[in-house]
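Position chain G against the provided structure of chain Z, taking the given hints into account.
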Amino acid sequence: MSGKSKRFLSNTVIYILLIIVFIFAMFPVFYTLMGSFKSNQELLAGGTNIIPKDFVLENYTDAWRLGNFKQYTFNSIFMSTFIVIGSIITSTTAGYVFERGEFKYKNVIFAMVISSMFVSLGSLTLYPTLMIAKAMHINKTLWGVIIIRVFGLNVTNLFISRSYIQSISREIDEAAKIDGCSFFGIFTRIIFPLCKPLIATLGILEFRASWNDYMLPLVFTLSSPERMPLVVGVVNLKTTGEAASSWNLMLAGASLAMIPMIIIYIIFNRYFIEGLTTGAVKG
Amino acid sequence: MNAGNSASPVAGKKKKNRFSSDSRQAVIMLAPMLVGFALFTYVPIFYILRYCMFYYNGFKSSFTGLDNFVRVFTRDPKFWMSIVNTFILSGCKLLIEIPLALMLAVLLNKALKGTNFFRVTLFLPAIMSTAIIGLIFSLMFAAYQGVINNILMQVGLINAPINWFGEKWTAMSVIGIASVWNYFGINMIFFLMALQSVPKDLYECADIDGITPMRKFFSITLPMIGPIFQVVLLMAIVGSLKVSDLVLVLTNGQPGGSTEVVMTYVFKSFFGRDNRSVEIGYASAMSIITGIILAIVSYIYMRMTRKMNENT
Numbered sequence: 000m001s002g003k004s005k006r007f008l009s010n011t012v013i014y015i016l017l018i019i020v021f022i023f024a025m026f027p028v029f030y031t032l033m034g035s036f037k038s039n040q041e042l043l044a045g046g047t048n049i050i051p052k053d054f055v056l057e058n059y060t061d062a063w064r065l066g067n068f069k070q071y072t073f074n075s076i077f078m079s080t081f082i083v084i085g086s087i088i089t090s091t092t093a094g095y096v097f098e099r100g101e102f103k104y105k106n107v108i109f110a111m112v113i114s115s116m117f118v119s120l121g122s123l124t125l126y127p128t129l130m131i132a133k134a135m136h137i138n139k140t141l142w143g144v145i146i147i148r149v150f151g152l153n154v155t156n157l158f159i160s161r162s163y164i165q166s167i168s169r170e171i172d173e174a175a176k177i178d179g180c181s182f183f184g185i186f187t188r189i190i191f192p193l194c195k196p197l198i199a200t201l202g203i204l205e206f207r208a209s210w211n212d213y214m215l216p217l218v219f220t221l222s223s224p225e226r227m228p229l230v231v232g233v234v235n236l237k238t239t240g241e242a243a244s245s246w247n248l249m250l251a252g253a254s255l256a257m258i259p260m261i262i263i264y265i266i267f268n269r270y271f272i273e274g275l276t277t278g279a280v281k282g
Numbered sequence: 000m001n002a003g004n005s006a007s008p009v010a011g012k013k014k015k016n017r018f019s020s021d022s023r024q025a026v027i028m029l030a031p032m033l034v035g036f037a038l039f040t041y042v043p044i045f046y047i048l049r050y051c052m053f054y055y056n057g058f059k060s061s062f063t064g065l066d067n068f069v070r071v072f073t074r075d076p077k078f079w080m081s082i083v084n085t086f087i088l089s090g091c092k093l094l095i096e097i098p099l100a101l102m103l104a105v106l107l108n109k110a111l112k113g114t115n116f117f118r119v120t121l122f123l124p125a126i127m128s129t130a131i132i133g134l135i136f137s138l139m140f141a142a143y144q145g146v147i148n149n150i151l152m153q154v155g156l157i158n159a160p161i162n163w164f165g166e167k168w169t170a171m172s173v174i175g176i177a178s179v180w181n182y183f184g185i186n187m188i189f190f191l192m193a194l195q196s197v198p199k200d201l202y203e204c205a206d207i208d209g210i211t212p213m214r215k216f217f218s219i220t221l222p223m224i225g226p227i228f229q230v231v232l233l234m235a236i237v238g239s240l241k242v243s244d245l246v247l248v249l250t251n252g253q254p255g256g257s258t259e260v261v262m263t264y265v266f267k268s269f270f271g272r273d274n275r276s277v278e279i280g281y282a283s284a285m286s287i288i289t290g291i292i293l294a295i296v297s298y299i300y301m302r303m304t305r306k307m308n309e310n311t
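These protein sequence lines are chains Z and G, in that order. Residue numbering for the first sequence follows numbering that gives the first Met the number 0, beginning at 0 and increasing consecutively. Residue numbering for the second sequence follows numbering that gives the first Met the number 0, beginning at 0 and increasing consecutively.
Extracted from the complex, chain G is given alone in its bound form:
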């Protein structure tokens, strides 16, 4: 190897060797993870992009062009119902979860006695397995001898047990409650972190001016935690649009497929669960459309928040 035009060739050569052997080591150290990453993150996406043009049931495959997409848009109302369900579920759930988390964070930020106890216990649901939560809520809300029905009857709110999972909207409500239960703790902690970074003297100034607590919240707290709030909300939206295991375990789409969300609907097409036929090509096409819808939602959200930030 030519050491080049270095003033002292020996030192230069040595330095170059050292450097290249270090970077070779770096590449070797990283290689297993890079291979794994490419295999398990990008290859699946290429797989879906390829098979969306095919009819494929796991054994036979034939090229069908854009047929799968035509079918999604013209002949599959159930897919679009699952999309609508996903949005309704996410919207209603976040309308409860985010204000609840924010309220708790504000209350816990007051540094009253026992705050730490509440902080630790209210976060507990967030460490649980979502699938186990689905199982527990399905037992609690069981129509026959479920603890929730029994308590409601004891108190006298209802006369006969409610068949929670027998109707679409009651079943969706249970999914929503379970999901709020699972996720409010983590959002609470995010907001609490944001609140703790708000300078205390802002509130002291407000106290001197005699501003009401409500005004303080809307004029100081919200604008100060705005940037973090926007990130947390984006993560919550994307996370709840991707809900799968909770619905799969809690209702499994029942009754009659009416509580199916998009992730479970497509998942079942891939694996042919629930008496569906295995249609990998068609499921791939649905995955792509779902991916595009998710991307559009995030894009609109980011545009909106950017506009909001410019206006203030």
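Extracted from the complex, chain Z is given alone in its bound form:
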């Protein structure tokens, strides 16, 4: 066999493998999006066709009107917006202070923040966190989730911010300092405006984390369903035992939760991939 036909053969095998994985990766998303446009009769009848016979919007309108989804969607947007804006401010500030600031015990404090990664117990600290929120009287609303996410110093975000600000030349702040600019002024007037790519990355990471979050908003809204964000509200349909009768609502709700994410991913996929990987490797 000549080299050329051999290469053609091996490339064909590669493409076949990639297409199999592609189908595996896309099937659940495609199934959900398509299922959300099926009529209720078609969903109940089952069958193997993925693409609906007629595209109907009734699942979405039902979910919007009957299933509280208008409220859930609003809650999700509300929560994500504040978390994204808030954590951009706190992460860049913390990154700036740890990179450029000079004060006593800076390195000790930084080491304590970093080492928290190793003592993290995941969802096991949710209960004590909720109790702390209760003591502060912020446990009944999504503000509790927002405050925890914004002020609870995310180590990954801190790493990304610090290393980005490290790459900005120190000569710029020296010049500003000579002109009489204070430490705080240098941040707001010079460093922060130079951080646009960092802000994009942080914003996307935080949007993904807050829009998709389940456990933390779940425990903050256990007793008040009208405050649930979209993800918690949709999953709640399954756990409340009406599962069999609400496939249409679950599919529409899951799609509502996925679509904004997919759209933002399609537009900003480069930032997405970079943000998730650089953050994780450095962390």
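What the hints contain is simulated information worked out from the structure, not anything from laboratory work. Possibly wrong hints are sitting among the right ones.
[Unchecked claim] 30 Å max Cα-Cα, derived DSSO-like pairs, lysine-lysine: (1) G/Lys-241 with Z/Lys-237; (2) G/Lys-109 with G/Lys-241; (3) Z/Lys-237 with G/Lys-109; (4) Z/Lys-133 with G/Lys-241.
What follows is chain G alone, placed relative to chain Z:
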């Protein structure tokens, strides 16, 4: 304030003032985050350390010493089953996920046409909400009219619908598949980044020597990406040992608590979900033991990789 023994007292004083006001500003800027960090990261851990010695159901608390720990070790086989489940699930899942991710990364690194398309689409599952993924997979694998059963029956692989969530091992398999689906993309990107940092001339030398692609992979690629591979694997191991929301949504421990993983088991004790009584003290004790087990796993892993690095 005394300006000290500076040669020109005025300039020295001014400099010192400037410096201290800058560092005061730095501390003030950082203070809200430090308070939040201490409150939401360290205080919960102290809370758990305190209550592990207590009986506490949210209303009444009484000191019980080491009773909670005795109970974990002697009278709670379900906790240990959840630990075993966590390890089985993580082990099986990673045995599929890591080689799959590595294979895809090698294929995508060949710079064929359409590589970028596959890179973007195969990463898509990684941006989804894990809870929503749990919901979608529970619908797809539903026993009655689930799309997976229908397809398998159409193709003729099975005659009757499988009750995926009715038995422990089929339910665990579904959790594993959903988890692989969720995470293979991010590991693929890590490996792809590592591969792109391997110098091209190494492969050119190998080509001149006429080395087979298999040998090339094991003798050049793997050793070159070794350090990143080790970090990625550690993160994947710790991440999958901490799985909670996926299991909570997908099976919720059903059937009969047999698919419970440690995070969901302890979570339910804290909040008294699923008809369990609220036992905060006992859940705290379980949290501490879980934390220690996690730490031991990471420690053993790091020791092993260090040894491996010394030998090569």
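- Message: Hinted pair, alpha-carbon criterion (30 Å max): Z/Lys-133, G/Lys-241. Please report holds or violated.
- Response: 25 Å, holds
Discussion item. Check the hint pairing G/Lys-109 with G/Lys-241 against an upper bound of 30 Å on the C-alpha distance.
Written reply: With a Cα-Cα distance of about 34 Å, the restraint between G/Lys-109 and G/Lys-241 is violated, given a limit of 30 Å.
**Asked** Given the proposed pairing of Z/Lys-237 with G/Lys-109, does the C-alpha separation stay at or below 30 Å?
**Response** Status violated; Cα separation ~43 Å.
Do the alpha carbons of G/Lys-241 and Z/Lys-237 lie within 30 Å of each other, as the hint requires? 23 Å, holds
When each numbered hint is compared with the structure, violations occur for hints 2 and 3.
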